[in-house]
Amino acid sequence: MEYQVANGVKLRTIHTTKFKNTKILINFTFPAHSQNYGKLAMLAELLQNCSAKYHSELLVSRQLSRMYGASYGVTVLRYGNQHTLQIKISFPNDKYLPSKERLMTEILEFLEEMIEKPYISGVGFNQAYFEIHQNNLVNYLNSIADNKEYYAVLKLQKLYYPNDPDHGNFLLGSGREISELDSKSLYSFYQQVMKTSAITILVAGEIDDQEVLQGVEHFRYFVDRPVTKYELRVMPQPVESLQSANEKIDGSQSILNVGYELPVYFGDEQYFPAVIFNQLFGSSTRSLLFTNVREKASLAYDIHSSYNSLAGIVTVQAGIDYQNEQQVLELIPAQITKLLHGDYSDQLMDGVKQSMINQHRSEADHLSAVIEKRYIQQIMNIDYPDTVWEERINSVTKDDIKKIAAKVKLRAIFALNSQGANNENNSLS
Amino acid sequence: MKIIHYHDYDEQLLVQKLPNGLTVYLQPKSGFNKTTAILGVNYGSTDQSFILNGKKVVQPAGIAHFLEHKMFDKKDYDVFELFNKTGAQSNAFTSFTRTNYLFSTTESFKDNLNILLDFVQIPYFTKEKVNREKGIIDQEINMYKNDPNNQAYFQTIRQLYPDSALSNDIAGSSKSVDSITLDDVELAYQTFYHPSNMSLFITGKLDPDETLSWIIDNQARKIFSQTPRIERINNYSATLFEAVHTDLMNVSRTKVSVGLRGNDQVPTGRDSLKYEIGLSIMFDLFFSENAIEYDRLYHSGVIDDSFSWEFENERGFHFAMLSGDTSQPSIFVQEIKKIIKTIPAKVSELQDEFQLQKNELFGNYISMMDSEEAISSQFDGFLGEPLTIYDEVTILKQLTLKDVQMISERFLNHLSIQVEVIKNHQ
Numbered sequence: 001m002e003y004q005v006a007n008g009v010k011l012r013t014i015h016t017t018k019f020k021n022t023k024i025l026i027n028f029t030f031p032a033h034s035q036n037y038g039k040l041a042m043l044a045e046l047l048q049n050c051s052a053k054y055h056s057e058l059l060v061s062r063q064l065s066r067m068y069g070a071s072y073g074v075t076v077l078r079y080g081n082q083h084t085l086q087i088k089i090s091f092p093n094d095k096y097l098p099s100k101e102r103l104m105t106e107i108l109e110f111l112e113e114m115i116e117k118p119y120i121s122g123v124g125f126n127q128a129y130f131e132i133h134q135n136n137l138v139n140y141l142n143s144i145a146d147n148k149e150y151y152a153v154l155k156l157q158k159l160y161y162p163n164d165p166d167h168g169n170f171l172l173g174s175g176r177e178i179s180e181l182d183s184k185s186l187y188s189f190y191q192q193v194m195k196t197s198a199i200t201i202l203v204a205g206e207i208d209d210q211e212v213l214q215g216v217e218h219f220r221y222f223v224d225r226p227v228t229k230y231e232l233r234v235m236p237q238p239v240e241s242l243q244s245a246n247e248k249i250d251g252s253q254s255i256l257n258v259g260y261e262l263p264v265y266f267g268d269e270q271y272f273p274a275v276i277f278n279q280l281f282g283s284s285t286r287s288l289l290f291t292n293v294r295e296k297a298s299l300a301y302d303i304h305s306s307y308n309s310l311a312g313i314v315t316v317q318a319g320i321d322y323q324n325e326q327q328v329l330e331l332i333p334a335q336i337t338k339l340l341h342g343d344y345s346d347q348l349m350d351g352v353k354q355s356m357i358n359q360h361r362s363e364a365d366h367l368s369a370v371i372e373k374r375y376i377q378q379i380m381n382i383d384y385p386d387t388v389w390e391e392r393i394n395s396v397t398k399d400d401i402k403k404i405a406a407k408v409k410l411r412a413i414f415a416l417n418s419q420g421a422n423n424e425n426n427s428l429s
Numbered sequence: 001m002k003i004i005h006y007h008d009y010d011e012q013l014l015v016q017k018l019p020n021g022l023t024v025y026l027q028p029k030s031g032f033n034k035t036t037a038i039l040g041v042n043y044g045s046t047d048q049s050f051i052l053n054g055k056k057v058v059q060p061a062g063i064a065h066f067l068e069h070k071m072f073d074k075k076d077y078d079v080f081e082l083f084n085k086t087g088a089q090s091n092a093f094t095s096f097t098r099t100n101y102l103f104s105t106t107e108s109f110k111d112n113l114n115i116l117l118d119f120v121q122i123p124y125f126t127k128e129k130v131n132r133e134k135g136i137i138d139q140e141i142n143m144y145k146n147d148p149n150n151q152a153y154f155q156t157i158r159q160l161y162p163d164s165a166l167s168n169d170i171a172g173s174s175k176s177v178d179s180i181t182l183d184d185v186e187l188a189y190q191t192f193y194h195p196s197n198m199s200l201f202i203t204g205k206l207d208p209d210e211t212l213s214w215i216i217d218n219q220a221r222k223i224f225s226q227t228p229r230i231e232r233i234n235n236y237s238a239t240l241f242e243a244v245h246t247d248l249m250n251v252s253r254t255k256v257s258v259g260l261r262g263n264d265q266v267p268t269g270r271d272s273l274k275y276e277i278g279l280s281i282m283f284d285l286f287f288s289e290n291a292i293e294y295d296r297l298y299h300s301g302v303i304d305d306s307f308s309w310e311f312e313n314e315r316g317f318h319f320a321m322l323s324g325d326t327s328q329p330s331i332f333v334q335e336i337k338k339i340i341k342t343i344p345a346k347v348s349e350l351q352d353e354f355q356l357q358k359n360e361l362f363g364n365y366i367s368m369m370d371s372e373e374a375i376s377s378q379f380d381g382f383l384g385e386p387l388t389i390y391d392e393v394t395i396l397k398q399l400t401l402k403d404v405q406m407i408s409e410r411f412l413n414h415l416s417i418q419v420e421v422i423k424n425h426q
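Protein chains in written order, with full-length UniProt numbering: chain A, 1 to 429; chain B, 1 to 426.
Heads up, simulated DMTMM-like pairs for lysine to aspartate or glutamate below, C-alpha to C-alpha not over 20 Å straight-line: (1) A/Lys20 x B/Glu392; (2) A/Lys353 x B/Glu81; (3) A/Lys296 x B/Asp73; (4) A/Lys20 x B/Glu11.
By construction, these hints were calculated from the structure, which means they are not laboratory data.
So that you can see chain B by itself, here it is in the shape it has in the complex (with noise of 0.2 Å):
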């Protein structure tokens, strides 16, 4: 196993790729009772085409949510039964690019680990269970449909990548839920489901070589097809000229999200995280109760504590978003774009600024090395090399406000705006 020290932290991270191609990362933490674990797949949303040997293939939307729903369902038992035996707690999530299937205990971790591996590498599917589950996920549609931050939010993402896989919503429409087959949810599987597309990551209380023992007793029990050729298209079309899109919903203010879709190529590996820091942090300088341009929208009534950005960046895309409820609409806009405008002329002159975000953002990461919820979450083990927070940190105290500056540039020279609004439709 290959061993990474964070000498400052008193942290290691052990990495193993095992031959039929799943990586193995383990992250003991001393002192901790519980255990975390999740399995995850290079698979998400997005991923409803793609070229299999040679051949097309377009499946319904939410196909890759309904598979993750599926592998819970075994012949005579419910996967959830097996975890609650031994009292773990387990789960699943589908986003995007990934889905990840992840449980934790303070008790029986190898059985769990086990029962983990097994669930998601031996697959059940008939007919009769594939129908059964459109009703859940009908329901589970309808509940987003209901909430109309969540509406907000892949409102603007359909916006900006109109007609794409990004355009529909992870879990589908109950059109497009109703029309899986047994089929698809094979196909589907057989695709995606190799080892070589899984990473593991363990943290909390455990023995690095027990724990890659058993594991490596696990993959040894089952056979695996051969890697799937697979090339996946994503076709995310041009740009379209900016808009103001109004949708109509109960609710007791207007709610606004500017969405910015970055048009420029995002560096691999460990600069990516580093990309993705230097731009946290230019929002941060601007769009942060930190900051000066903040307080004064604050004080004027245009946004309140209801605003938030965020910036997301996943295999083939990346965007941010700008979103608060607000009385004055057209302000709220008008205020943010000129903001946008300002960041390559004036984010140099935030020297001491900066350093005041980087102390945040220090602390901040200090606290999420305490919850093994965060360093499990924060962690993708697709990004070509092992990253962790502690990584995070590293690249974080190294950043430059020149970097910021860089990184700013990049992003925001290649930028299309899409802005969505609810309204109350009273």
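The shape of chain A in the complex, shown without the other chains (with noise of 0.2 Å):
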């Protein structure tokens, strides 16, 4: 069910009966911009640990845990152009609880505290809780860096983006940002993303509609907010010539990232093809770039693609030895080709297929993904029922594909590279 709580303000509830938990997913969203990364990064932390009553990191969890540990949330997500501020809180049927209560209630009423009343003194966030979260937060963007394959993967949506901060830029900002950040501005950017946000309540498992509605309707910021239209989809501007960059580390392994354009989104005509041809390309174990690169030439255990549909994106990342560099940069474009020729077995087509399709009939046994595929039907205002969906994955062909494979346009290399083993041994003579 839909309801209007406010202009802007959403509400949809989904009703199941097959789960032990219940979940809420509150979304506050707006158009992105680099300026207010490293802000809302912030703010995530600081409405995650602490409100007026709970006011320190103790307090909130306690309380969490008198709520038989509902686990609780906040965190940033982008959807294509659309930033996005997560409320997460999930927690068990009342029908298991020790005692009879009313958890949803209690919940609710936990939420509005954390959302609507932080921890503040006079007109910013307490001060000493802002410079512990920002200290925490400063050494976590600074920790990426020993998470190799997540690095490489920042550093080429950089290269990707060049002049292009807001897409380019990483969504939580840098240790730079973070640390100019004061708990008054802060607090003001905070009542802005309250009161000009557009905001969707989900919620789903066994609950009663009125009750939520009811709870949901006592949230003071809650209220009308002008709704602006923009553009979700990611359009990257041309770029001359590839764009490619490599850095030196200290490690046993390189790290290879490899962008490409693909300029088909979630919902046009041809969106089901890019997704399979995602799929035959290198992100099921039978594909292509797993199938030749790591199990007959044996030069990668982790290669991989992936395809942002809202970002008109195929990256590709493998763990390698830094000598066979120029071989498997070689490798992976002539997957590209056999895919373009149609060169690859109707078994292999058949099995990918086969495979969306199971993937697609089991997100109904997770309520997270039963949560998120709704959502995403919002945003972009398509609905796929289930019955189409599988219809769709079905009907596509090998011409298709090779239609997909003539478009996939080279963009970006970054390699993070490393001498590995080789180096430690000539280190001796």
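Using the hints, put the two standalone chains together into the complex.
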């Protein structure tokens, strides 16, 4: 069911009896601009850890334990050009609780407290609270370099969008941006987010709509706001030449990241062929990259591709030995050529379709996936009923894949180079 | 089939031991579309040395994981292809003491079940295939070596259990993997992959009678040798004096792990779960976000959100690890050790906190009940009796603070500590 709580504030309830838990998700959204990335990341930290009533991390944590280990989190996401502050909570259904209580009521009160009554002193967030989380976030951002695969993904993103910080910058900002924030201006940013974002509340489980609606209407910020429409799909600015860069690290493995443009988006006529193209290319365990680079040539343990249908990008990541880099860089496009010429078995195509349908049907067994699917349908304004979705998958042909392969265009390459074990041996001589 | 009812949660578990020794556990989930099956082998990276029919065998480090990889590689096809035809997802994992093969699917469950049982029970090894696998595993080993958190974890275990099979990485080293031969692979397979050393756990959409009949038919088509007489040799050398070990890597901040090796005897069966849950609560009472000790360290900047603790209890050993990134490594270690010392005296005063922790853990179990992945990965078919998350939640409900106190003392009185520090080398 869908309810209009106020202009720009929607509530969606999803009724299902097969789960033992209930989940609530609240998305605050607005167009993505890089100057807000650090601010929203910091705000997420502050809305997660304290409130006026629960004015220490310990008090929040104990309240969650009291509510039977309810799992509460605040994160920042991006759906194409949409910047999103997401608040999530899940909790067990009343009938499993030892005492007869209405957990939903308590949970909604908790959310209202956390979202609407942050831990402030004067006209800003409490200074000591602000500083400890500012410091933590800076430390976290600096530690990303320890996760070399993730670090390489972020580097490729930067390279892929030259002079375009809204798309090239990391969504959580940088250590420097976070250090420059102050508690007062962040508090006014908070008020702006509360008053101007589009808000969607999704609730799924065994729920009573009236109870949820009443709870939600009690939030003082859930009132009318202007609704602005903007393009969700990311259209990259053209580049004149291949963007390429590399960095040297001390490590045991080199990480190679390649970014391709694929101007096909969710909802487009060619969306289904694009999804299957990515599966054939490098997303399934029978994909061409997996079979030919890993299994046949033994050049990588991990090699995979991903397709972002809101950004129109296909990326490949491989963990390899430095001396094999050229060979892998030749093998990757060679797999696209195979897809361009239809040079793969029908069996592979059928298998990929089967696994997509299989996975699509499994999604109904995960409450999070059920909610996420509903949300995507809402923001994209496209609803593929399950049968239509499966028909569209099944009707994709090798010719459709050829047309996708012809559209794929190499745009950026980033390599994190490590001389690995060889270097260690040589250093003694 | 023996049926165990869990009325409070409207769930049941069906258990049947087959004549060849394979134990089958079925946990149907009504309303679910998907079925998940795990074929577990009671064999892992620590089972490198054993006595087989009176003769001592020592195998190269990483053999169990190597064997897991090789099971997928058949004469002229890869097992992933078979699962892929029906759209099923499949995977395998090797840990210190187990090898698990699994699939999940919404379609053609019977076909996939036969694929699973057949690919694990009908081996195909050749010299060429054994050699070709080495390159891929080498990359896998390098991937783990590149990850400082992974290194902190395994280095700590290495310090806790030096010169034992536990001190080797699960995948082995490039050198040990390179030395693996076709004979090694065959011997490991013949020794450990007997149905009596396996368990099959299935949850999700399934009809118990029909499913069991498919399994019985499949097993009836195969002939197995006699159950091999194996004696596993796990020499966990005496504990060493407490020390701080430092390794250098590329890290943004220093990583510290305080490893606690348990030297007490862990109870068996149902009581082993009680022991695990009791210790989890003990650690939560002092080192979770609910604990005043945690709060103090957090606000003095000694720990941050990267801090976590974990407890592992497996066949033959158990240890805990408290780790995190810190800019004050020596204070971190000092404080953690100080808190651990105070546990026996303080724990009995924490009645309210204990109740809170029970509430939280109870909710966590209810949350796991919605996930086939959690239900199946929490299940261990080699504890001597069938124990699911529904049993765990019952054990939790009955647990008292007195129990936690006794379990804590048991663990803490026989503890040995080693500290691992990973520093940036610039």
